[in-house]
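Visitor: For the protein sequence lines, the chains are A and B, in the order given. So the first sequence is numbered by my numbering: it starts at 30 and just counts up by one. So the second sequence is numbered by my numbering: it starts at 28 and just counts up by one.
For the record, the hints were derived by calculation from the structure and aren't laboratory data. Heads up, a few of these hints could be off.
Claimed, not checked - Once the Cα atoms are required to be at most 27 angstroms apart in a straight line, the calculated BS3-like pairs of lysine-lysine come out as: (1) B:Lys75 to B:Lys57; (2) A:Lys148 to B:Lys75; (3) B:Lys57 to A:Lys144.
In case you want the letters, here they are:
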Amino acid sequence: MDNLPREKITLANDLFFNEVKTYLNKGQLVTIPISGGSMEPFLSHGDSVLLKPVTIDDMKVGRVVLGLTNKGYMLHRIIKIARDEAWLAGDANLQQIEHIAKSDILAVVVEANRKNSTKDLHSFGQLVAARLWFLARPLRRIWNKIVNLIQ
Amino acid sequence: MKLREDLTLRKIGNDYMIVDPGQDMVDMSKVYTLNETAAWLWGQLVGKDFNAETIVELLLEYYDVDKETASTDAQNLIEVFTKQGVLQD
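This is chain B alone, in the form it adopts within the complex:
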């Protein structure tokens, strides 16, 4: 899976927000915020083909977490991304 390339991550104040800036139209009524970790992951994953394993590896490499927690977090993140429609095949 991949992150939708038409979305951009913006830091607004202390929040990270994914905005959908269309060619002529921007929908700010459907924006998603990410926490710091998720935003960091977004930055790492953008433009790449990834799966849950990729996220687990990134978390293990950069964060002080055990494998089990990392797997759960990765699954949760993918679930939320899927639900919010920010992924493409």
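Isolated chain A, as found in the complex:
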């Protein structure tokens, strides 16, 4: 009976988020850990975010949302709203954009937590910074190439 309860667990994306979805559907707020670095520099691996069920008012460019993409559930930022569609992108990603139906957005971030500090990802300053960071994608791609050449 070794290895009884494990300190840290990794569940398959869909299993974990199905569980999250159950609580969101009941109208509860859910805290989830951030795994991976696709939202750097705004969210880092090991941070956590408090999610609330999404409403129409949350469907705005700049909001960080939990959406079901064709690669599973992802916590990414809305970069464009079309008629029935939302475009999501990870802040750290240089190319990739996920096109999903608005109805596949489950939740929106209320606040982010890093160690003992709390951050509002949707404050004016954060939204401006995130937009500039997104618009700088072409420059970031060039920078990325330079860094890769040097290494």
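Let chain A serve as the given structure and place chain B on it in line with the hints.
Guide: Chain B in isolation, oriented as in the chain A frame:
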């Protein structure tokens, strides 16, 4: 000691997980998983006042283990439960 009554054991895929579903808020950043035996024990112990001896008896009754192994396992389990804060007095 008792298991905290506000926690629930959920089977998710092949894992057993203890979730802390608050009234309005669920913290999925601090969840614990249990293996099959531990999950079974959790089910047996829930709502009861127990000690290491209770766990040893359960293990001896349902599993093919000797008393020494059962005692060690029981001690380990209580240690982990204590460390993770899933027990109440």
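Visitor: Of all the hints given earlier, name the ones this structure violates by number, lowest first.
Guide: 2
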